[in-house]
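Asks: Taken in sequence, the protein lines are chains U and V.
Note that the first sequence covers residues 0 to 304 in numbering that gives the first Met the number 0.
Note that the second sequence covers residues 0 to 316 in numbering that gives the first Met the number 0.
No lab work stands behind these hints, which were simulated from the structure alone.
Hints are not guaranteed to be accurate.
[Stated by the list, open to error] Here are the computed lysine-lysine pairs in the DSS-like style, where the Cα-Cα straight-line distance is at most 30 Å:
1. U/Lys121 with V/Lys23
2. V/Lys13 with V/Lys23
3. U/Lys121 with U/Lys215
4. V/Lys21 with U/Lys121
5. U/Lys79 with U/Lys56
6. U/Lys121 with V/Lys17
7. U/Lys219 with U/Lys209
8. U/Lys121 with U/Lys79
9. U/Lys79 with U/Lys50
10. U/Lys219 with U/Lys121
11. V/Lys13 with U/Lys79
12. U/Lys50 with U/Lys121
This is what each chain is made of:
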Amino acid sequence: MLSYIIRRLLIIIPMALLVVTVTWVLIRMAPGNFYSSEKKLPAAVEANIKKKYGLDKPVIQQYGIMMWNIVRGDFGDSLKYEGQSVNEIIRRHFPYSATIGVLAYILALILGLAAGIVAALKQNSAFDYGSMSLAMLGLSVPNFVIGPILVLIFSLWLYIFPPARWGGISSIILPVITLGAIYAAYIARLTRAGMLEVMRSDYIRTARAKGLSEWKVLLKHAVRGGLIPVVSFTGPALAALLAGTVVVERVFAIPGLGNIFIQSVLNRDEPLILGIVAFLSILIMIFNLLVDVSYAFLDPRIRYE
Amino acid sequence: MEQPEVVKGASLWKDSWKRLLKNKLAVFGLVVVALMTIAVIIGPAIIKWTTGYTYDFIPPDGDYIKSFPPSLQHPMGTDDSGRDILARVLQGGRISLMVGVISTIVSLIVGVSYGATAGYLGGRIDNFMMRLVDIIYAIPYILIVIVLLSVFGGPNTPQWIQSISNSIGGGEGLSQIILLFFALGLVSWLTMARVVRGQILSLKNQEFVMAARATGVSTPSIIFRHLVPNALGPVIVYATLTIPSVMLSEAFLSFLGIGVQAPFASWGSLASDGIKNISVFPWQLIFPGATMALTLFSLNFLGDGLRDALDPQTRKF
Chain U
0 MLSYIIRRLL IIIPMALLVV TVTWVLIRMA PGNFYSSEKK LPAAVEANIK KKYGLDKPVI
60 QQYGIMMWNI VRGDFGDSLK YEGQSVNEII RRHFPYSATI GVLAYILALI LGLAAGIVAA
120 LKQNSAFDYG SMSLAMLGLS VPNFVIGPIL VLIFSLWLYI FPPARWGGIS SIILPVITLG
180 AIYAAYIARL TRAGMLEVMR SDYIRTARAK GLSEWKVLLK HAVRGGLIPV VSFTGPALAA
240 LLAGTVVVER VFAIPGLGNI FIQSVLNRDE PLILGIVAFL SILIMIFNLL VDVSYAFLDP
300 RIRYE
Chain V
0 MEQPEVVKGA SLWKDSWKRL LKNKLAVFGL VVVALMTIAV IIGPAIIKWT TGYTYDFIPP
60 DGDYIKSFPP SLQHPMGTDD SGRDILARVL QGGRISLMVG VISTIVSLIV GVSYGATAGY
120 LGGRIDNFMM RLVDIIYAIP YILIVIVLLS VFGGPNTPQW IQSISNSIGG GEGLSQIILL
180 FFALGLVSWL TMARVVRGQI LSLKNQEFVM AARATGVSTP SIIFRHLVPN ALGPVIVYAT
240 LTIPSVMLSE AFLSFLGIGV QAPFASWGSL ASDGIKNISV FPWQLIFPGA TMALTLFSLN
300 FLGDGLRDAL DPQTRKF
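Extracted from the complex, chain U is given alone in its bound form:
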């Protein structure tokens, strides 16, 4: 188990470097430059800019310098936010995205698990149909529609929560609900399907045959197995969290990393794009590893060498 974890951790570094390389190739494939605009720059100015950012060197050499710096953990300075290092920008903006993301995920877990388990135990009941239709609705309404409608109801009509900006708990509630809704819907559906499958499996029959109470069967045996699909969802969900938070950050004017990332892509801010992509890909890979490791704890039948 330990050697498996170490091996997976070691693979993360070359994989992240590959991701950075592919991203760099993608950025370089697109025509234009971060300094190009409607007006054409004089040749001398352009030459100076190229020299300053090392763009006059051969492409291979540029790639080598960039990779060498990245290996040492230095992504350089942002091209648009002058004088600010990429590491600094990520450190400053990530906490906002992380706070909202984690809170939304906790909310989604509580709501989704509860709804999914109850729906599975009372299959084909009114609660089952009601909660699953609600979950389907959560999957079908884009969150940039949910967000503004929540603002309309709770901020503009009822005056309960502020419509935007960051500050205090009351300003977090609407973004967290907006972001959490879709995850809650996913988790509820996955939990229900997983629980239905597990409740029919042999080991649950064995547990019942041993004379365990229904509660013990449910909590000690069924939930652990039924959670596996939910856990596998967690890894990709984190990747989707970036895209999800962008909308929430836009709608609620939160200075998070998602918005910065979109801006950096539109600005062609190469160091910042590479920094954020590398940061997120490492995060995703670590989460995927945690997911795989947690399988072994949830289901004793799964082993890693």
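With chain U fixed as given, assemble chain V onto it according to the hints.
Replies: Using the frame of chain U, we list chain V on its own:
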């Protein structure tokens, strides 16, 4: 991709169809999707015929406020420029549904060929191909879409996309939207490739494949004529669920201002235009948003129903 031969044992499809019809929610989804498709195809012409409004008709009078609430004349109200929202929602539906269909077909072609090839060849090639999928997974798809749009957009638009655009009567603007369909398809094939690869892995050691190989059938032919048709069930199911997800992606891109541009409209771009005025003119968001939500809702139910119908093992749920 070659057209697969007629699948043997048509009773499977008949059976599945019967099972699908028993599922009330799936039938509801099917009916709504069918009605929505018809409405979107003939709706704009009917509106133009009865009230004279089109998606880009701006009334010439110089009123200060042009966005009117729903009325008999404008069942969904009008937008900032005074354009009829119903006409725009119907016109936008054409683009939104086209995104769903075209992008899904693109992702289907790429994902199925890629996954089937990796799964059948196996070994190092499989390992390399699937690691590549992992790497592309880790790159935010927005970045890939933006790069694809800027590499192949504007003056660099491939000739064949321009000719498609011209053949359906659109110009420069429409060709950019068609490009967007392809770009979205090219970022949505990853999961499809994984699904297909898994299916092929479990199929490739069966006797019929060995028999095909023994009789000297070529590798591409084994993959596309023998293996892929047998993996069709999960592929269809996953494709139905890809449609709503690419429609959401398009809406998201339009929300960011990268997707569909005015005077063209999609449900996503209409909703994101409506967000700006939510406090004053809520109908600008609510009608396009609700239309889109209803369609996605139905597509999801239909996809779920198809999964249950085509895969009898999950029927017990």
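Asks: All hints are to be evaluated individually against the structure, with a verdict given for each.
Replies: Structure-based check of each hint:
1. A C-alpha spacing of about 19 Å is found between U/Lys121 and V/Lys23, which places the hinted pair at or below 30 Å, so the restraint holds.
2. A C-alpha spacing of about 17 Å is found between V/Lys13 and V/Lys23, which places the hinted pair at or below 30 Å, so the restraint holds.
3. Between U/Lys121 and U/Lys215 the alpha-carbon distance is near 17 Å, which keeps this suggested pair within the 30 Å criterion.
4. Distance hint between V/Lys21 and U/Lys121 is fulfilled; the C-alpha atoms sit about 21 Å from each other, no more than 30 Å.
5. For a cut-off of 30 Å, the pair hint linking U/Lys79 to U/Lys56 stands: about 21 Å separates their Cα positions.
6. Between the alpha carbons of U/Lys121 and V/Lys17 the distance comes to roughly 26 Å, so the proposed pair stays at or under 30 Å and holds.
7. Distance check on the hinted pair: U/Lys219 and U/Lys209 sit about 13 Å apart at the alpha-carbon level, within 30 Å; holds.
8. Using a Cα cut-off of 30 Å, the hinted pair U/Lys121 and U/Lys79 is violated, with the two alpha carbons roughly 56 Å apart.
9. A C-alpha spacing of about 17 Å is found between U/Lys79 and U/Lys50, which places the hinted pair at or below 30 Å, so the restraint holds.
10. Proximity of U/Lys219 to U/Lys121 is assessed by CA-CA distance (about 19 Å); at most 30 Å being required, the pair is judged to hold.
11. Of the supplied pair hints, the one linking V/Lys13 and U/Lys79 is violated, its CA atoms being roughly 60 Å apart against a limit of 30 Å.
12. A C-alpha spacing of about 69 Å is found between U/Lys50 and U/Lys121, which places the hinted pair above 30 Å, so the restraint is violated.
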